[in-house]
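Engineer: Each chain, written out:
Protein chains: 2
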Amino acid sequence: MTERRVSRAIRIGDVTVGGGVPVVVQSMAKTHTADVRATVEQVKRLEACGCEIIRVAVPDSEAAGCLSAIKKGISIPLVADIHFDHRLALAAIKGGVDGLRLNPGNISDPAHVAKVVRAAKERQVPIRVGVNGGSLPKTDDESLSVVTRMVQAAMGQIKLLEDMDFDLIKVSLKAFDVPTTVEAYKTIAGIMPYPLHLGITESGTPGCGSIRSAVGIGAMLYLGLGDTIRVSLTGDPTEEVAAAYEILKSLNLRVRGPTMVSCPTCGRTEVDLISLAQAVEKRMAAVSRPIKVAVMGCVVNGPGEAKDADLGIACGRGRGAIFRKGELICTVDEKDLVDTLMAEVDKLVRAIS
Amino acid sequence: MTERRVSRAIRIGDVTVGGGVPVVVQSMAKTHTADVRATVEQVKRLEACGCEIIRVAVPDSEAAGCLSAIKKGISIPLVADIHFDHRLALAAIKGGVDGLRLNPGNISDPAHVAKVVRAAKERQVPIRVGVNGGSLPKTDDESLSVVTRMVQAAMGQIKLLEDMDFDLIKVSLKAFDVPTTVEAYKTIAGIMPYPLHLGITESGTPGCGSIRSAVGIGAMLYLGLGDTIRVSLTGDPTEEVAAAYEILKSLNLRVRGPTMVSCPTCGRTEVDLISLAQAVEKRMAAVSRPIKVAVMGCVVNGPGEAKDADLGIACGRGRGAIFRKGELICTVDEKDLVDTLMAEVDKLVRAIS
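Taken in sequence, the protein lines are chains H and R. The first sequence begins at 5 in our numbering and counts up one residue at a time. The second sequence begins at 5 in our numbering and counts up one residue at a time.
Treat the hints as calculated values from the structure; they're not laboratory data. Just so you know, not all the hints are guaranteed correct.
Said to hold, decoys possible - Facing chain R, according to a computed beta carbon distance under 10 Å, are these residues of chain H, among others:
#1 Thr35
#2 Glu250
#3 Thr269
#4 Arg272
#5 Glu274
#6 Asp337
All figures in this text were calculated on a predicted structure; none of them were measured in a lab. Positions of the beta carbon are idealized from the N, C-alpha and C atoms, including for glycine.
Please work from the sequences and hints to get the whole structure.
Structural biologist: Quick look at the structure:
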């Protein structure tokens, strides 16, 4: 992996983004912001599954007026997502938000941006310059690539902010197309010092969208880019947070909850491995500790992977060997495998708690 | 994206792998190979969803004896997966398979490998040198990294093959750990000319496993590596093929079936977008043409993304505007959106068929 780019650190509430700290996971509420109760309830569910920063849409003054109440009800930093109307950004800052997201595609009037920056500076509220492929500023130059237009839009707004001596900046350049997105982030990473918020925009429903996001966000993280990530999925926002951690876990950038190694099964397998893996996964969902468990179907890679995990099952014909930290501890019938493994998981959880 | 590495092309049956042709999608049957009927039935389901090469396990001589019957029943090239016993490889070649996979971790006796190579050469059957992190050859040198051990295992067996003037070679170096896997492939890609079969081994159940595979395989494809891919998931093998295409589609490396752009929804959305996107996705599943459809919740990125797609919906309050190739064609009530969109999809499919 490429060594991580060290960006300038900023603080969104009490969460540091950038400067080499671990990558921060965020999501966005899907409730109507003016429905304070529903929004707080959803954010609390997101906090419980590891969301570290939450963003809410601020489409109108009613929504802006609810931000302070939402902030009181939640424990993680609150970011207001603003489009079109800079006055909503001013109201959000007054409401006590921990961060703003502005879209240079639809808040481009320098006088309006300046008003927001003055207020943000006074309260030390960071601003994300959030460019999106679907809402780029108009251009007369048809020859410019989408990547160039994205980078130019961001750099234009960054300059406005810097000219007012404001540097609490975070940047995103999201598109649906993965190579476009990666190229845009790579380009801007080389020409400005601020932290990067990564995402693939409008990536779709959880099935396809988590794969597209994993390819795009994963490639950028592999290349050393990214200080915070948001996976955008058309589904429950807890799925966004779960997918974000899976991406980070697969690059060893964050640890959260169990990791399951399981083989795809093949004609060599002599147990019902798919059911076994599903049963283990279901019961492991209740485990919050970062335990690595392997569920393996045969003698080819089974013992190797099972020994490499904290706990592992390597199956043979109708039976399975259970390994703990590389040591074979017992061999049990297929029907007893899940219970025996989970008893060992419980022991291990107690030991490390 | 990095320009694709051009490997030496080989032919697995009538499918070319390497040499710059599009990345080939493969999977592995999960049936008992000796159950010819179940295996052929599963492979036919995989063919129908785009699988282009199929591998089956050959754990014993009974399985080896069934390969010719399986080959007669299917339309895509058949690869025999061999571990431990080189005589099964000889039997598979006699049975008419289109390719072999040998594991240097458990078939390392040069005399045995030589016998297989002679038979493979006679019938021009390619061999995949398939190294797996869970079954590496033993080593006395504890200081070697897993990456080094994987690369050395592969290069050792490649040398045996080359020394017998055999070059119908494909190489894989799969591990569960993504950075390890990517590093191993990057290393070997620079020191030998053969095509690469990419995969993240034992990546888990479809939820986590497809994300881990997307990060790993996606990063390698982004770096220009890879001639064929297999996503290993503990689940139905059609899920492996679907995930493989989603990975390839997100890097614009293959086109297959529809692509859906849909926004994650937020407090700005005034329709039930999640249900709408799910309904569209369900009905698009029957469309085999590569149509890009956008389902967008609001005016921020909605019109931009909807215009960029072949067909798109950009929603407002209880209504949606439908775009075809960038042109607004009508605005309809939320309840009529799916039917109106799908009527347009049908028209487009007829027009391009």
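Engineer: Next item in the hint list is Asp337(H). Is there a CB on chain R closer than 10 Å to its CB?
Structural biologist: With a minimum Cβ separation of about 20 Å from chain R (threshold 10 Å), the hint on Asp337(H) is violated.
Engineer: Does the nearest C-beta of chain R fall within a distance shorter than 10 Å of the C-beta of Glu274(H)?
Structural biologist: holds, 9 Å
Engineer: Does the closest beta carbon of chain R sit nearer than 10 Å to the beta carbon of Glu250(H)?
Structural biologist: holds, 4 Å
Engineer: Report holds or violated for the interface hint on Thr35(H), using the least CB-CB distance to chain R and a cut-off of 10 Å.
Structural biologist: Constraint on Thr35(H) satisfied, holds at 6 Å.
Engineer: Can the hint on Arg272(H) be confirmed by a CB-to-CB distance to chain R that is less than 10 Å?
Structural biologist: It holds, given that the least Cβ distance between Arg272(H) and chain R is near 4 Å, below 10 Å.
Engineer: Tell me if the interface restraint on Thr269(H) is satisfied: Cβ within less than 10 Å of some Cβ in chain R.
Structural biologist: It holds, given that the least Cβ distance between Thr269(H) and chain R is near 5 Å, below 10 Å.
The structure is inconsistent with hint 6 alone, although it conforms to all the rest.
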